[in-house]
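Please construct the entire structure, taking both the sequences and the accompanying hints into account.
There are 2 protein chains.
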Amino acid sequence: MDLATYACRSREELRIEAKKMISRYGNLLQENLKLDMSRGKPSKLQLDLVSDIMTELTDAEQCIINGNDCRNYGDLAGLRCAREYWADVLGCKPEQTFVGGNASLSLMHDLIARAYTHGLKDSPRPWCKEERIKFLCPSPGYDRHFRITEHFGFELITVPMHPEGPDMDVIEDLVKDPQVKGVWCVPKYSNPQGYTYSDETVDRFANLKPAAPDFAIMWDNAYCVHEFDGEFEPFRDIVSLCAEAGRPNMVYEFASTSKITFPGAGISVMASSEENIKYHTKLIGVQTISYDKVNQLRHVRYLKDKAHTLELMKKHAEILGPKFEMVLKMLRSELTNKGIAHWHHPKGGYFVCVAAMPGTAKRTLELCKKAGVVMTEAGATYPYGHDPHDSMIRIAPSLPPIEELEKAMLVFCTCLKIAALEKYLGLEIIE
Amino acid sequence: MDLATYACRSREELRIEAKKMISRYGNLLQENLKLDMSRGKPSKLQLDLVSDIMTELTDAEQCIINGNDCRNYGDLAGLRCAREYWADVLGCKPEQTFVGGNASLSLMHDLIARAYTHGLKDSPRPWCKEERIKFLCPSPGYDRHFRITEHFGFELITVPMHPEGPDMDVIEDLVKDPQVKGVWCVPKYSNPQGYTYSDETVDRFANLKPAAPDFAIMWDNAYCVHEFDGEFEPFRDIVSLCAEAGRPNMVYEFASTSKITFPGAGISVMASSEENIKYHTKLIGVQTISYDKVNQLRHVRYLKDKAHTLELMKKHAEILGPKFEMVLKMLRSELTNKGIAHWHHPKGGYFVCVAAMPGTAKRTLELCKKAGVVMTEAGATYPYGHDPHDSMIRIAPSLPPIEELEKAMLVFCTCLKIAALEKYLGLEIIE
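As they're listed, the protein sequences go chains A and B.
Positions 1 to 431 (the numbering used here) are the ones given, in order, by the first sequence.
Positions 1 to 431 (the numbering used here) are the ones given, in order, by the second sequence.
Source of the hints: derived by calculation from the structure; they are not laboratory data.
Mixed in with the good hints, there may be bad ones.
Each pair may be met inside one copy or between any two copies, as identical chains are not told apart.
[To be verified] The list that follows gives simulated cross-link-like pairs (lysine-lysine, DSS-like), each with its CA atoms no further than 27 Å apart: (1) K282 - K369; (2) K362 - K282; (3) K282 - K129; (4) K304 - K278; (5) K129 - K278; (6) K129 - K209; (7) K329 - K370; (8) K282 - K93; (9) K282 - K314; (10) K315 - K347; (11) K20 - K369; (12) K314 - K304; (13) K19 - K362; (14) K369 - K315.
So this is what it looks like as structure tokens:
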């Protein structure tokens, strides 16, 4: 009986299930839990794993590379060796990279800010002079992406996500509108669903023919080497693909070491056409003299190259993998065949996304919060924080130790069941 | 005769002096020099002096402060201990500080950018929606300041500089115009003249009553602890002074460790009213999750507090002091009483500013360049790179070793004399 979907159960059977869940929830409440699955934060174990990086650079003479002293001013686009490192990881050329500080989010924000105040390379005018700007947001997606474009007053347009990536029919249609100036993408292990764009999707992005001459594909390759299950999955160089398709200036790729070394003290990169990199380096020259090149050198010495980085990512996977297994095991054992939730089994990235029965996501998270389990707010993965179906829930299992995670998932599944039961029964069963 | 001003010499006497200088210049040309006095870059000796900072933080457990892990995401306004450090140095409260990345220039740029796109705390509207924005530029001043406000299309208004600071009569008059939205200041050891604002000047700034409700004093305290000659000169807390005068949100103070530890890898701070800091922290939250807190902790451990920082600055002074002495000695011995240049003898900062005879600065630097000595471009210290008198020349003696500096100064003084002689004689004496 436990395996039958709630939809097929009698009201009496649902009441019995409800009683069980009420009792279980009551017991969980008494544990006074305090568990956090809200953000994709690496755990202490992962940080300890890479803390040797702090002793990578200890001597003054190490800081002088090809006659340049990385401790001093200069080298705005980044140390040559750091640009080579990222070119190796991303599959592009060093001249197509700009190496930034500890946050790729800042590179993205600042790019949009510069588009707004000065325009991109091929802009007829700064975006603040346009009557209206629209931006495409494949959803569910990353709240911090959406917030940047909302912050500058753009109209956010939701585009459906599929397992092979954003709905390209919809996107190809929408970009005919010259007010549509760009799109947010997480091409590998998308945040939050963990989908990797198919080759066809990537090709269709590279071959987009938007009406806006300065249309920007914001290609946030945040999880480009972030497998936690199985071998590294190669990805294609979007910078070359756009160039081959005749629109070299259309794409800006981003990546960082935030989830390779330290989230708060890594290095970041923006990759694009050489022409774009030159254009933006000139504008960034008004903002700074250079980013932290000592930390760039520290990273290059520690990470060496793509191959060595991939070896390190296997060690991260040893820590992360069991946590994701636990999340998926709990989802399977608690929610399979109930017809009240479905989810994708990702091979990398930092999230599992559960699509709950429509109208139950907010209630589920409300119940979780009462029981001491903090999750990303319901709706956060949609533009303006509004999930039209009140369904998507993002689980971020990286931070808690595995014992806590099991408990947190038990709370989560219990709350999701209660919310579904309430929906079927038409009444609140927990105050 | 050598001590007489050029203005009092006969044409024949000037010709004799010209011959001497032509011969000296010819000899210097043959040395094929390559010397750089263009930028306020610390020297290798100074960088080596502080390179122990790289071993300050080597162990994972050191990174956990009051239960927070500085390696991870979070703490947008900066580590508490970093905010306390800067509050100690600047004389304000930790809550009045925001600790940034390696460049205070970025904090300044981003503040102006946010004023432009979203407005400051007390702005009626974003500055991009204003018909016209004017910004006050006490000159000579710092080219990178002026460039930020030029970049956003503001009209730059030159304000004369005096030994006690900017001409406050002029400023008090100009701020009656509501289109005047701010002023650039370097209150201690001003770039490039090395002037320190008098108490009266500081008081008059704090008591400004600008017509614009969102008028911003950009108080770049870049050289706040940077004496190279004599004891530390205390400075007043502008944040308190503005609050006492009833306009707490009018001032933004900036500082960094760029010339305390590493120019390219230090930490920076913005200090202002608590209300302003809260307002901007919220907006910066769209741009980043946090600045590099590992580097913040590394700095706090290394620099400890203001008293310990001042001890370190004495060691910098031991390296810098003799270079400034050399510059001033050469200026005295070559140019005193010629009536063709005057200068101030600074006690701190990174520059000596020579006011050459009007109409001779460009020519002097052209001749220097030919002889292999690179200096900051003539005009750079004025808005739009245009010195109306073609007179101000900024000397940055920090980078070259002292032997090179003596040679570079000989070239400089020779070129300045040649340019003056050409002016008096009415002909070019060097091709």
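- [ ] Hints the structure violates: just list their numbers, smallest first.
- [x] 9 and 14
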